[in-house]
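Enquirer: Sequence:
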Amino acid sequence: MPDFDPTAGPPIAVLDDESASSGDVRPTAYSEELLRFGGEVSRETPVITPLPKPARPRVLAVSNQKGGVGKTSSAVNLAAALAEGGLTVLLIDMDPQGNASTALGIDRHADAMMGVYDVLVADRPLLRTVRPCPDVPDLWVAPATIDLAGAEIELVAIERREFRLREALDRLRQQLARNRIGAPDYVLIDCPPSLGLLTLNALVAADQVVIPIQCEYYALEGLTQLIRTVGLVQESLNPSLGLGAILLTMYDGRTRLAAQVAEEVRTHFPAAVLRATIPRTVRISEAPSYGQSVVTYEPNGVGAHSYREAARELAQRAAAKSQEGERA
Numbered sequence: 131m132p133d134f135d136p137t138a139g140p141p142i143a144v145l146d147d148e149s150a151s152s153g154d155v156r157p158t159a160y161s162e163e164l165l166r167f168g169g170e171v172s173r174e175t176p177v178i179t180p181l182p183k184p185a186r187p188r189v190l191a192v193s194n195q196k197g198g199v200g201k202t203s204s205a206v207n208l209a210a211a212l213a214e215g216g217l218t219v220l221l222i223d224m225d226p227q228g229n230a231s232t233a234l235g236i237d238r239h240a241d242a243m244m245g246v247y248d249v250l251v252a253d254r255p256l257l258r259t260v261r262p263c264p265d266v267p268d269l270w271v272a273p274a275t276i277d278l279a280g281a282e283i284e285l286v287a288i289e290r291r292e293f294r295l296r297e298a299l300d301r302l303r304q305q306l307a308r309n310r311i312g313a314p315d316y317v318l319i320d321c322p323p324s325l326g327l328l329t330l331n332a333l334v335a336a337d338q339v340v341i342p343i344q345c346e347y348y349a350l351e352g353l354t355q356l357i358r359t360v361g362l363v364q365e366s367l368n369p370s371l372g373l374g375a376i377l378l379t380m381y382d383g384r385t386r387l388a389a390q391v392a393e394e395v396r397t398h399f400p401a402a403v404l405r406a407t408i409p410r411t412v413r414i415s416e417a418p419s420y421g422q423s424v425v426t427y428e429p430n431g432v433g434a435h436s437y438r439e440a441a442r443e444l445a446q447r448a449a450a451k452s453q454e455g456e457r458a
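Counting from 1, position 10 in the sequence shown corresponds to residue 140 in the working numbering; the numbering is continuous, with no gaps.
Quick caveat, the hints were computed from the structure, so don't treat them as lab data.
Mixed in with the good hints there might be a few duds.
[Claimed, not checked] When the alpha-carbon atoms are kept at most 16 Å apart in a straight line, the in silico EDC-like pairs for lysine to aspartate or glutamate are as follows:
#	residue 1	residue 2
1	K451	D337
2	K196	E351
3	K183	D268
4	K183	E443
5	K183	D133
6	K196	E346
[As the list claims (entries may be wrong)] Derived CB-CB ranges, DEER-like:
#	residue 1	residue 2	range
7	V177	D133	20 to 28 Å
8	Q446	E289	22 to 30 Å
9	G197	L362	30 to 38 Å
10	P400	R308	37 to 45 Å
11	S415	L387	15 to 23 Å
12	E416	R384	30 to 38 Å
13	R396	A449	21 to 29 Å
14	P369	S324	18 to 26 Å
From the three backbone atoms N, C-alpha and C, an ideal C-beta is built for every residue, glycine too.
Assemble the whole structure, with the sequences as input and the hints as a guide.
Expert: Encoded structure:
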């Protein structure tokens, strides 16, 4: 069965009824930045090893009710790193700010652009909204258009409002299966930094939640609130929802506070926290202004390397979970 590709060949006609950075390293300032985190400057093209495929497609909601924790950066860069590792990935931008869409080179203001709003409110097929990421093969984006800002209000009057995204994903899988096209290996959902109907739709549709938290004061408080929310969604809307991973972001090895926060989170949630830690680096913040992930913008950098390691851990966990299920 061919991999997920909304632009490939005749089957898509049936379904749809109706540039990367050169990788040059900036040796002076960037060398100093890398060395602060124990890294090295490399002019070599990074060696990318294939990531294991999950036994079945996985849906991950990247969420944190607290803003400014690297949520969208993590959704974008994990998606890019998974795709770079040979997996097919669909990123669904559920944040009305639309930063994930623009960070992956999608013009969310283009005329007649369909997006997640049309799926949730107008009941349009999810497949019709999907756009390819320009510089990452096998990475696709369902963008957040400007209309999504009003979706919270409009969804209130719609029946089964918390299940709109889940049902859209179910229909997408059915469409692809009828045309013998494989579903994407991973669907990543970038949630808004709040608990409203958009975030609830993401949590109801997801298999697991990936929680990015910054290594700063109050991190544990926000994490505890979100885990409580996940528990409530499990009880009433999505019993199969689980805590997939906690990703430590904005880690600054020069500060004692960052190390203390990281240690405390690992102590409280030892099985959930990924080994990979995302450093506080200007390249991660800079890449979206060029419509790129840090994986393509600075492929040799410490930020790209860290997100590749985090993506590998996620993929390995999913593969291990699949093997455990088969043995059971």
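Enquirer: Can the suggested window of 30 to 38 Å be confirmed for the beta-carbon pair G197 and L362?
Expert: At roughly 21 Å between Cβ atoms, L362 and G197 fall outside 30 to 38 Å, so the hint is violated.
Enquirer: Are V177 and D133 spaced within 20 to 28 Å by their CB atoms?
Expert: Holds, at about 22 Å.
Enquirer: Between the alpha carbons of K196 and E351, is the straight-line distance 16 Å or under?
Expert: Roughly 10 Å separates the two Cα atoms, so the pair holds.
Enquirer: Hint check: K196 vs E346, CA-CA at most 16 Å. Holds or violated?
Expert: holds, 12 Å
Enquirer: Does the Cβ-Cβ separation between P400 and R308 fall within 37 to 45 Å?
Expert: holds, 44 Å
Enquirer: For the pair we were handed, K451 and D337, check the Cα-Cα distance against 16 Å.
Expert: holds, 12 Å
Enquirer: Holds or violated: K183 and D268, Cα atoms, limit 16 Å.
Expert: It holds: about 14 Å lies between the C-alpha atoms, which stays within 16 Å.
Enquirer: Taking the CB of P369 and the CB of S324, does the distance hold inside 18 to 26 Å?
Expert: At 24 Å between Cβs, range holds.
Enquirer: Just tell me: holds or violated, for the beta carbon distance of Q446 and E289 against 22 to 30 Å?
Expert: violated, 40 Å
Enquirer: Lying within 21 to 29 Å: is that true of the beta-carbon distance R396 to A449?
Expert: holds, 23 Å
Enquirer: Has the given pair, K183 with E443, been kept, meaning a C-alpha gap of at most 16 Å?
Expert: holds, 12 Å
Enquirer: CB of S415 to CB of L387, is that within 15 to 23 Å?
Expert: Given range 15 to 23 Å: holds, Cβ gap about 20 Å.
Violated hints, in rising order: 8, 9, 12; the structure is consistent with all others.
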